[in-house]
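Trainee: Sequence:
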Amino acid sequence: MIEYSMQDSGMNPNDPGVETIDDKQFYQLGSNLLHSIEVALETADEALDLDLDIERQGGNVINIRFKDKSVIVINTQPPLHEIWVAAKSGGYHYRWAGTMAQPLWLDTKTGKELLSDLTEFTSAQAGQAVNMSLI
Numbered sequence: 049m050i051e052y053s054m055q056d057s058g059m060n061p062n063d064p065g066v067e068t069i070d071d072k073q074f075y076q077l078g079s080n081l082l083h084s085i086e087v088a089l090e091t092a093d094e095a096l097d098l099d100l101d102i103e104r105q106g107g108n109v110i111n112i113r114f115k116d117k118s119v120i121v122i123n124t125q126p127p128l129h130e131i132w133v134a135a136k137s138g139g140y141h142y143r144w145a146g147t148m149a150q151p152l153w154l155d156t157k158t159g160k161e162l163l164s165d166l167t168e169f170t171s172a173q174a175g176q177a178v179n180m181s182l183i
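Under the working numbering, the letters of the sequence shown match residues 49 to 183, in that order.
Keep in mind the hints are simulated off the structure, nothing from the lab.
Honestly, I wouldn't trust all of these hints.
To be verified - Computed list of lysine-lysine pairs in BS3-like fashion (alpha-carbon distance at most 25 Å, straight line): (1) K136 / K115; (2) K160 / K136; (3) K136 / K157.
I would like the entire structure built from these sequences, with the hints used as guidance.
Mentor: As structure tokens, this is what we get:
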């Protein structure tokens, strides 16, 4: 399993140290990321009694429903090699900016790291601090 890290999130997607990925690698990285997010959310839900409803749709979409009926949607966009997130705070697109050894997805507008943002969005919508540790 690939470990996702929030360290070195200042990487630039145009940095020569960023590895180019093909469609097969994107599929594998996206699948691993979504699985890791599901596991982290289930763990956080059990530990904090968040009452989350985590649902996978079609293999590439995760819907996270909160007590207040708000939703976060995370999905892969294979043609663009991006991960899209829709949260209460808005819509975000994350582009590959890492290496196979150190996966990293950065927001195309802000440059912020996906997992850091997702922790922030989840905490805001859950109404309490959620610290997700990903596998």
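Trainee: Could you run down the list of hints and mark each one as holding or not?
Mentor: We went through each hint and held it up to the structure:
| no. | hint | in the structure |
| --- | --- | --- |
| 1 | K136 / K115 | holds, 14 Å |
| 2 | K160 / K136 | holds, 17 Å |
| 3 | K136 / K157 | holds, 17 Å |
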